[in-house]
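Undergrad: Residue numbers (my numbering), protein chains in the order written: chain A, 1 to 110; chain B, 1001 to 1112.
Derived by calculation from the structure, the hints in this document are not laboratory data. Where is the CB? At the ideal position from N, CA and C, for every residue including glycine.
A short, non-exhaustive set of chain B residues, derived as facing chain A with CB atoms under 8 angstroms:
#1 Tyr1031
#2 Gly1042
#3 Leu1043
#4 Leu1045
#5 Leu1088
#6 Phe1090
#7 Arg1094
#8 Glu1100
#9 Gln1101
#10 Tyr1102
#11 Phe1103
#12 Pro1105
#13 Gly1106
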Amino acid sequence: GQQVQQSPASLVLQEGENAELQCNFSSTATQLQWFYQSPGGSLVSLLSNPSGTKHTGRLTSTTVTKERRSSLHISSSQTTDSGTYLCAIGTGANTGKLTFGHGTILRVHP
Amino acid sequence: EAAVTQSPRNKVTVTGGNVTLSCRQTNSHNYMYWYRQDTGHGLRLIHYSYGAGNLQIGDVPDGYKATRTTQEDFFLLLELASPSQTSLYFCASRRGDSYEQYFGPGTRLTVL
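Based on the sequences and whatever the hints tell you, model everything.
TA: In structure tokens:
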């Protein structure tokens, strides 16, 4: 079945540094979504980016569909960015089923 | 943005107990999904539905039933709960013409 690999598994930054998170997947994806999960568990959609580059605030996602990879760049990290970042892909068909990676745990220190 | 709510937010039950988790979305989305999240496994799809009265089996359906009573409401039923079903459960919804999913706040279930 579809596999989603995220790297690094964890990342520690000082406030103000940039972060680069990677997502690689085993099959062609028609949907790719990045999520943020807070330490308390709530899940928030950050970006939907099946191809190309998208920006929102300090976040930039670049997906290269042919190479089956996506990245999430966080600029000028803040302590409130700490949490887990999840990548999820959908592989077509109208079910919309998502397969999730295990996430990157980000800790930003003041 | 879509509004997806879940209740209860936390639930503790005993082995063999009956549990119903509720999900409501208020944006008339066609599709609704139930996921569970466990350490080491990430989020996995239990059941999903593309409309009232419809039910589709996901990737980890054993031990779970689901029912979509209306466009807005999707329920997950554990009729004989087991400790292996201790998990964080998420509900999500999406429009039929978009792949983007919107998630609820989650329900933390503990089966003793």
